[in-house]
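Asks: Each protein sequence line maps, in turn, to chains A and B. Just so we're aligned, residue 13 is where the first sequence starts under this note's numbering, counting upward by one. Just so we're aligned, residue 9 is where the second sequence starts under this note's numbering, counting upward by one.
If you're looking for bench data, these hints aren't it; they were derived computationally from the structure. Where a beta carbon is used, it is the ideal one built from N, C-alpha and C, also for glycine. Don't take every hint at face value.
[What the hints assert, rightly or not] In silico contact screen, one side only, chain A against chain B (beta carbon under 8 Å); selected entries:
#1 Arg22
#2 Phe42
#3 Arg47
#4 Asp49
#5 Arg66
#6 Phe69
#7 Ala82
#8 Trp83
[Stated by the list, open to error] Computed spacing ranges between beta-carbons, pair by pair:
#9 A:Arg66 with B:Thr118: 45 to 55 Å
#10 A:Ala41 with B:Val53: 41 to 51 Å
#11 A:Pro294 with B:Glu93: 22 to 32 Å
#12 A:Ala73 with B:Phe105: 29 to 39 Å
#13 A:Glu78 with B:Ala32: 26 to 36 Å
#14 B:Ser104 with A:Glu78: 24 to 34 Å
#15 A:Leu459 with B:Ser104: 36 to 46 Å
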Amino acid sequence: MRLLKETLRRLNYLGRRSRFDDDLDTEVAFHIETRADELESTGLSRTHARAQARREFGSPARVAEETRSAWQFRWLEDLAADLRYAARSFRRNPAFAATAIACLALGIGANTTIFSIATEVLFSQPSVRDAGSLVHIRLAGSSHVPMEAYRFVRDANLFAGFAGQNENMEVNWRRGDGADRLFAIRVTGNFFGVTGIPLAMGRAIQPGDSDVAVVNYGFWQSRLAADSNVIGRALFLDGHPFTVVGVLPRDHRTLAGFGFTPDLYLPVSKDTERVAFFARLPEGMTRQIAAARLQSVSQQLDRIHPNEGYAQQVEVSAVAGLGRLESSEVQAVAAFFAMLMVVVGLVLLMACANVASLLLARASSRSHELAIRLSIGASRGRIVRQLFADSLLLSVAGTAAGLALNVALTRVLSGIRLPVPIPVQFLIEPDWRLLSYAIAVALASSLAAGLIPAIKGTRAGISAALKHGEHQVSRSRWTASNILVAGQLAVSIVLLCAAFLFLRNLVAASTMNPGFDVDHTIWAYMRLAPEAYPNREKTRPLIDAAVERLGTLPGVEAAAIARVVPLNDAMHFQIQVSTDLAARPVIVRFNLNYVGVDYFKTMQIPIVTGRGFTPADRMGAPQVAILNQNMARQLFGKQDPVGHTIRFPTGKGSNASSGKPIRIAGVARNSKYFTLGEENVAALYQPYAQWDGSIVNLHFLIRATGSPQPLIPAVNAALNRLDPTAAIETKTMQQGLAFTLVPSRVGAAILGAMGVLGLALASIGLYGVLLYSVSRRIREIGLRMALGATPAEILRMVLRQSTSLAATGIGIGLALSIFAVRPLAAFLTPEVRTNDVANFVVVGAVLAVVALIATVAPALRAVRVDPVVALREE
Amino acid sequence: MGERTFPELLPGTLYMLILRTLRAGPLHGYAIAKRVKEASQEGLVIEDGSLYPALNRMLVKGWLDAEWGISENHRKARFYRLTPEGRKQLDHEAESFDRLVRAIQLVMRTA
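The whole structure should be built from the sequences, with the hints applied where relevant.
Replies: Listed below in structure tokens is the structure:
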């Protein structure tokens, strides 16, 4: 407090410095005059009295100086002077300053951009009021719980607010002749009230609302043409008119996070829907207390619904901040970003090393000046501060340029719509976190870049520097700048190794055979309006008609329905399976899919033994299944499973052999089911016709005889004619599966860019050091030439320095890489081995070539030295 | 001017002396120096060169306020006044100084 007031007084002084000086003059004059008056009254003449008074007072200038210093922030004014001095000297040498600032801008731009992305993905705050007191609740360990359970917990009144949402909903939006599928979040009526999500326009969904919608900003902009009269407009969703009552702001972030941005919010419509719970904790209630209270409420709930086991796994987790990092999927993403932060940290370190070498070169050419300043009494600390002012100015300028780069890059990134099956849109904008990070980075890099030059610059003895020591013939040895360059080369080897691995990973992923045909396959997604298709009696005739029509379109070889499309979605099971051969059931982990008759023909998955499905495998007929080779081996070993039967347990905790026997009709070749990287996954297919379930999300797969793209309009038209209210999205399998390559592409793009950036920085560093050392040795080179050295010998001299630096850097870098890239295996497909010798050979060779290129200009400069000019210099 | 015969001020006592002379009311710089000299029967003298830096440091610390007024010889002068904080500081410094002097005296008389 006291210090703050003092600072305020000093700041006040800063604002009126000239007035202060005048006041002080007046005060001093008054002092002297008054003393003179007094002396005069003792009998001195006025002139003598004045002179006497002045003598007694001493130097008014010194008094003024000392008085002023009482008010000043000493260090601040020194710093300002140092910065002014640094700025002046940079202006005299703009090439130097531009190079240094450009290096730092690249390093800091890359660094802060990754930081921005990481904070947006991992730590973005959902747009809710007071996110700290809002929690996400899971009962029975499941994310979504039926509405009846929601109402029970809500009515227990444990919290200051209790709301539910289901963010995985779709609706068909009827427009003209067709319908579009929209992504919706269904919310309970009190959801907006509890969460406090702000709106840009109109009002929120309120308790009691049924047919109203709150639309997302992006949806309003692109699909509703930013209509300013949108409030009150009707949207036909799943056959019902919904009134738009509100529009969300542009920066709305959902509670689901990760950039998930659906088109609209709708009220929960049916009691059969499930919702995720969000609660507003009252003042003083911790998450632990909340979990304990929920535990007892869910035990009461279990007495009403004994089969659900709500009380078994009660979790209360934070909706924002570090609390979100508790889940394992988020941890994998966090690990990836942590790896990226290390990588961009290394890039920044290399940029700092470049600036340090530049400053070192400058400091040694300034050693004469520094020696004079030291000898006339400047303290070493004062000189070190001056040298740090250089690096501080550079890093502040570099950070400013880097931030500009960051803003430009993140704006581009925010505009990219990732080709993933759910709407994901990141909104990356500069904020206080970025700003404080940038300040920290600027200070850290000014220290990193300035430390070595400052120590070196002031350590050289005064006498040595004054004796023109720099003109002595020098032998190349491990000077600070050589060590910096070797270190840079080593780090760039590590970066390149990582980049190369990710590039190979991308190549491996894009050439990977999923085990089914992608080139000639079309994937048509049809979503029916749920009200019109409540059960399988309604959906099955439509499916049969659709497959029939699609299969007979010209240019179509075969068509089939599938419950899930491989590599897009999967149904995982891990249950006991018993066979008619083994005495005891085994636990098998497998993917299940219900597929139509021509599925294997359409997808070009060969049936290895037995038969595929036929129209005879219908409801009521004996149940059949097709195994993939992995599952056949797990269940039947080397025996042919065709004709044998398997059984599943009928319910939780029941006997494995309690289910109906399912006869194995055939074995299909292994393929990929959920990810390209998976290996040895078991799979089981059952006929779609024998599945007793029904959903309104229909996936049709169509095999084209030629190129699939031209068939898409015909497919759309055929499906649209069956039901114009259905939303239809048709694309080639190639397009549909593009997102499976997104992680590999993102990894390869970022790591590749960092690798190239690192390589560029290292080669600039090598080039700079070589050029500088040649320029320092011009006299020596001239002397050698005058004494008969041939250009080849001079060339060899420069090359020797370059190769020794490059070899040391590459050697250390490769040794480091062997260990450094090992953890990357977690992010790569198994085919890309981190310890593959070929990686290291290629990377070492690339760096050697680049090092050689960086040597060309300095070498030419050395060879072109004219001995006459060089020796006459000075 | 002849050689200085005044004893050096004890280090750290300058602020205390200035604060003490201002306890009776506001004074300008010259009057402060004069008051100290007279009160000490010329035993203590604040050098002109150190008076103004000291006054300003005390302004920064908030112990004093300053304002312009007219002096007894009809000139524009800057008058310094104790702030409540300055009064507190004076009590504090006077007390610890008393303790110090007593302690020194004890040693000088008995040891």
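Asks: Run the structure past the numbered hints and jot down the numbers of the failing ones, going up.
Replies: 5, 10, 11
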